[in-house]
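Asks: Bring the two chains, given one by one in their own frames, into a single complex with the hints.
The listed protein sequences correspond, in order, to chains A and B.
Residue 180 in the UniProt record's numbering is what sits at position 180 of the first sequence, and the numbering runs on without skipping anything.
Residue 34 in the UniProt record's numbering is what sits at position 34 of the second sequence, and the numbering runs on without skipping anything.
Watch out, some of these pointers could steer you wrong.
Calculated lysine-lysine pairs in the DSBU-like style (CA-CA distance at most 35 angstroms, straight line) [to be verified]:
1) Lys-87(A) - Lys-3(A)
2) Lys-72(A) - Lys-51(A)
3) Lys-175(B) - Lys-105(A)
4) Lys-248(B) - Lys-187(B)
5) Lys-186(A) - Lys-222(A)
6) Lys-186(A) - Lys-63(B)
7) Lys-87(A) - Lys-72(A)
8) Lys-51(A) - Lys-186(A)
9) Lys-202(A) - Lys-124(A)
10) Lys-175(B) - Lys-118(B)
11) Lys-175(B) - Lys-187(B)
12) Lys-175(B) - Lys-222(A)
13) Lys-222(A) - Lys-202(A)
14) Lys-105(A) - Lys-3(A)
15) Lys-160(A) - Lys-186(A)
16) Lys-214(B) - Lys-248(B)
17) Lys-98(B) - Lys-202(A)
18) Lys-3(A) - Lys-51(A)
19) Lys-98(B) - Lys-214(B)
20) Lys-63(B) - Lys-187(B)
21) Lys-105(A) - Lys-186(A)
22) Lys-124(A) - Lys-51(A)
23) Lys-202(A) - Lys-175(B)
24) Lys-63(B) - Lys-160(A)
25) Lys-248(B) - Lys-222(A)
26) Lys-175(B) - Lys-214(B)
27) Lys-3(A) - Lys-23(B)
28) Lys-63(B) - Lys-202(A)
29) Lys-222(A) - Lys-63(B)
30) Lys-51(A) - Lys-105(A)
31) Lys-98(B) - Lys-23(B)
32) Lys-98(B) - Lys-63(B)
33) Lys-118(B) - Lys-160(A)
Hints are computed from structural coordinates only; laboratory data are not their basis.
One letter stands for each residue in the lines below.
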Amino acid sequence: MTKQQANWSPYDNNGGTCVAVAGADYCVIAADTRMSTGYNILTRDYSKIIKLADKCVMASSGFQADVRALQKVLASRHLIYQHQHNKQMSCPAMGQLLSNTLYYKRFFPYYSFNVLGGLDNEGKGCVFTYDAVGSYERVGYSSQGSGSTLIMPFLDNQLKSPSPLLLPAKDAVTPLSESEAIDLVKTCFASATERDIYTGDKLEIVVLNAGGIRREEMDLRKD
Amino acid sequence: MEVPQKGGFSFDLCRRNEMLVSKGLRSPSFLKTGTTIVGLIFQDGVILGADTRATEGPIVADKNCEKIHYMAPNIYCCGAGTAADTEAVTDMVSSQLKLHRYHTGRESRVVTALTLLKSHLFSYQGYVSAALVLGGVDVTGPHLHTIYPHGSTDTLPYATMGSGSLAAMAIFESKYREGMSRDEGIKLVAEAILSGVFNDLGSGSNVDICVITKGNTEYLRNHLSPNPRTYPQKGYTFSKKTEVLLTKITPLREIVPVIEGGDAMEE
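Looking at chain B on its own, in the form it has when it is part of the complex (with noise of 0.2 angstroms):
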C-alpha cells in the first residue's frame, strides 16, 4: 500500500547506511559552526555575542559568517551546531513569529519564540543539531535563554554555547556583575568571545555583538576584528599555466525544425 510522505525523516537508508560504513564508506561530513556564542543580561536589556567562524572539520568554510540571526525586532537569536539548522529553525520561528505578530497585533514576546523553538527541536528528537542563545526585551522586560538541541531550555542572566563555550564561560563567571551598563556589558561580551576566538580552535576571526533595549536594537557586525591577514602586503600574480597544444574545431550540424501538417496544438 502506498501511503505518501507526511514530511520529517525518513529512516529508510539507516540500515543500508550502516552496511555501506562497516564496509569502510566515509559518510560526507556537514558544515558545523564551531563556534562561541554568548548572551547576557545587563541594567537596560540584554546583549548578545558571536564570532565568526564556520568550520567543516579542520578546515575553515566561511572566515566571516553571521551567528547572531534575526527572529524579531526585540528578539534576536544566536545559533552553534550545524549551520543549516540553525539557519532553517531560526528563518521558520521568525517566520511564524511574524504571522502571530500580524494575528495578535501586539510586540512579539521572548517566551513565544522559545516555546516554538523548543517544541519543534524536541519533536526532531536531537536529529535537528541547533544549540541556541536566545535573547530579547519584550513587556515583560529582558528576557535570555539557552536552547539545547534535544528541546530543553535554561532561563539564565548569563550564557554562553559552542565548542568555545568554556573558554567564554571562564571570562563570564570571573567577571559577571548584575546590573552592568551598556558599555561594560559591550566590554565583557567581547572579552568572553575573544577567548573563545584566542583559546578554541572551533572559534575565530571576527567578534559580532547585538544589543537590544526597550525599543531599540542595536546590530554590531564586526564589532572587533582582531585577526587581519598581513601577509603578503601585496597580491600574488598567477601567470596563465596552460599552453594551448591543438585545436580543432568540430562544426555541429544544423538543426532544423520539421513543421508537418500544421494542426499542432487545437483549442
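Excised from the complex, chain A in its bound form (with noise of 0.2 angstroms):
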C-alpha cells in the first residue's frame, strides 16, 4: 500500500531571475521584471528588488508571496534595530539576519531565492547568495532563480580566475569600472532571456555607492 501524496502544494514557482556584482566601491543587483505561473505571464513589471537599509538591497526569485512575506519580515525587524541601536544596519548584519530568518523556516521554507547586495562597512562592494533555507556566503558576484544556470557559467568566465595556480589569483570583487559592470549584467539578462522562457520584458537595474542608491531600466524581449 504505498503512502498517499499531497495533490495540493503550499508553493507555486513565479520563475525570474537575479544577479548581483561587487566592485571596488559600488554593487550591482538586477533582476527581470517578468512574473509568471506555468505558461501564463502574471505581469511583465514586477519588481523583484526591495532596498532593505541605505547600504543594502535585496533581490529574490521564487515564490514571489513568500519573498513578499520575507521582506515584511526583515523590514520590521530592521525597523526594530534602528529604534535599538539608532543606526541603519550594515549589510554583513543584514546578511546575517536573512539567514536566521530563512533558517527559522527550516521545516516550512520561504520559496525565495535571494542575492544581497550592498556596500559593506569600508564601502567596499559586497554580494551575499543564499539557498531557500539560509546557507549564505561572502561572494563577489551571484545569481538566482530560472536563469541562474545558464548566467552563473558566462559569470564565471568572465569575473573569476582561471586556474588558482596562476599568480597573481583573479580577486573574487571584480576590478571591472561600474559601467563595465553594468554592461556585463545587462548582457547577461539579454542572453538568459533568449533561452529561458521564464526571463524577460524587462530589466531592473539598482547601482548603490558612495553617493547613494540609482535605478535604471533595460527593455527585454517580451515573448
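Replies: Rendered as C-alpha cells:
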C-alpha cells in the first residue's frame, strides 16, 4: 500500500532571475520584471528588488508570496534595530539576519532564492548569496532563479580566475568599472532571455555606491 | 520461445522504469514544441500559421524551428507536441502520399492525409504525442482539420492547437469572418500567432505562414520577426582562459603488421 501523496502544494514558482556583482566601491543588483505561473504571464512589470537599508538591497526570485512575506519580516526587524541602536543596519549584519530568518522556517521554508547586495562598513561592494533555507556566503558575484544556470557559467568565465595556480589570483571583487559591470549584467540578462522562457520583459538594475542608490531599466524580449 | 520483434512499442521495461522512478530517478525529458499553431479557411483556400520556438522544459532548445511541415504540394501540416513525433509522422505520411500519387496519377486529397495520420496515431493509442493542424486545397475544395494524439479529428473553418491555442483562439473567436480576402486572412493568422508568441511562455520568436490556394502554395518562412536580439550591439570576446601548465609527449609504439605465410584469403 503506497503512501498517499498530497494533491495540493502550498508553493508556486513565479519564475525570474536575479544577479548581483560587487565592485571595489560599488555594487550592482539586477532582476528581470516578469512574473509568471506555469505557461502564463501574470505581469510584465513586477519588481523583485527591495531596499532593506541605506546600504543594503535584496533581490529575490521564486514564490513571490513568500518573498513578499520575507521582505516584510526583514523590514520590521530592521525598524526594531534602528530603534534600539539608533543607526541603519550594515550589509553584513543584514546578511546574517536574512540567514537566521530563513533558517527559522527550516521545516516549512520560504520558497525564496535571494541575493543580497550592498556596501560593507569599509565602503567596498559586497554580495551575499543564499539558498532557500539560509545557507549563505559572501561572494564577488552571484545569480539566482530560473536563468541562474545560464548566467553563472558566463560570470565565472568573465570574473573568476581561470586557475588557482595562476598568479596574481583574480580577486572575486571585480576590478571592472561600474559601467563595465552594468554592461556585463545587461549582456547576462539579454542572453538568459533568449533561452529561458521565464526570464524577459524588462530588466531592473539598482546600483549602490558612495553617492547613494541609482535605478536603471532596460527592455528585454517579451516573447 | 524466441518471438521476433515486429516493430511498434515494447513495454517490457515499464515495470523497471516505475521502480526506478519510485527510487528517485528523474526520467529524461524530451523536446516538446510548446507551440502555437493555427489554421483558417478564407475565400480562396487555406492559411496555416505557426510560431518558431522549440522548448525542453523551461529552456528554449531552438529559437527558429520549422513547425509547418510539407505533406504534398497542395497540403501542409502544422505540428505541436513532441518534436520527434510530429516530424516522423508527417514525413512518413508525406512519403505514403507521394507513392499514392504515383499509383493513382492524381493530386493528393486532404482527407487521404487525414485518414493516414489518424489511423497511425490511433494505433499507437496516444503514445505518439503529435497534435496536428492539417490544411490543403484539392479537387474537392479547401479543407482544414485538427488531429489529436489519440487519433480523433475535427473539421473546422478555423482551428488552433498547442500550449498557445487559447491565446490564439481568443483572437480567432473575436475577429474571424467567413470569406475573408488573402490579406485579411494573413493578417488575422499573424495576429493569432503573435498573441501566442507574447502571452504563452511555450511559444515565441517568429511567425511562419503558409498560404494554400487552388494550384498555388506560398510558404512565408519568418513572415514576421518581432523579437530581434538588440543587446549587446557588438559581440563579446572570450580571452583564452586555459593556461598550459605542463607539456609531456609520449610517443606511441609503432604497430607493424605481420603477414604470415601469404595464404590470407583463398577463393
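Asks: Now tell me, hint by hint, if it's right for this structure.
Replies: Okay, the hints, checked on the actual structure:
no., hint, in the structure
1, Lys-87(A) - Lys-3(A), "53 angstroms, violated"
2, Lys-72(A) - Lys-51(A), "11 angstroms, holds"
3, Lys-175(B) - Lys-105(A), "51 angstroms, violated"
4, Lys-248(B) - Lys-187(B), "65 angstroms, violated"
5, Lys-186(A) - Lys-222(A), "15 angstroms, holds"
6, Lys-186(A) - Lys-63(B), "20 angstroms, holds"
7, Lys-87(A) - Lys-72(A), "19 angstroms, holds"
8, Lys-51(A) - Lys-186(A), "21 angstroms, holds"
9, Lys-202(A) - Lys-124(A), "28 angstroms, holds"
10, Lys-175(B) - Lys-118(B), "30 angstroms, holds"
11, Lys-175(B) - Lys-187(B), "11 angstroms, holds"
12, Lys-175(B) - Lys-222(A), "24 angstroms, holds"
13, Lys-222(A) - Lys-202(A), "8 angstroms, holds"
14, Lys-105(A) - Lys-3(A), "25 angstroms, holds"
15, Lys-160(A) - Lys-186(A), "18 angstroms, holds"
16, Lys-214(B) - Lys-248(B), "70 angstroms, violated"
17, Lys-98(B) - Lys-202(A), "49 angstroms, violated"
18, Lys-3(A) - Lys-51(A), "44 angstroms, violated"
19, Lys-98(B) - Lys-214(B), "19 angstroms, holds"
20, Lys-63(B) - Lys-187(B), "23 angstroms, holds"
21, Lys-105(A) - Lys-186(A), "34 angstroms, holds"
22, Lys-124(A) - Lys-51(A), "18 angstroms, holds"
23, Lys-202(A) - Lys-175(B), "30 angstroms, holds"
24, Lys-63(B) - Lys-160(A), "30 angstroms, holds"
25, Lys-248(B) - Lys-222(A), "52 angstroms, violated"
26, Lys-175(B) - Lys-214(B), "25 angstroms, holds"
27, Lys-3(A) - Lys-23(B), "14 angstroms, holds"
28, Lys-63(B) - Lys-202(A), "20 angstroms, holds"
29, Lys-222(A) - Lys-63(B), "14 angstroms, holds"
30, Lys-51(A) - Lys-105(A), "22 angstroms, holds"
31, Lys-98(B) - Lys-23(B), "48 angstroms, violated"
32, Lys-98(B) - Lys-63(B), "31 angstroms, holds"
33, Lys-118(B) - Lys-160(A), "55 angstroms, violated"
Consistency note: the structure conflicts with the earlier hints numbered 1, 3, 4, 16, 17, 18, 25, 31 and 33.
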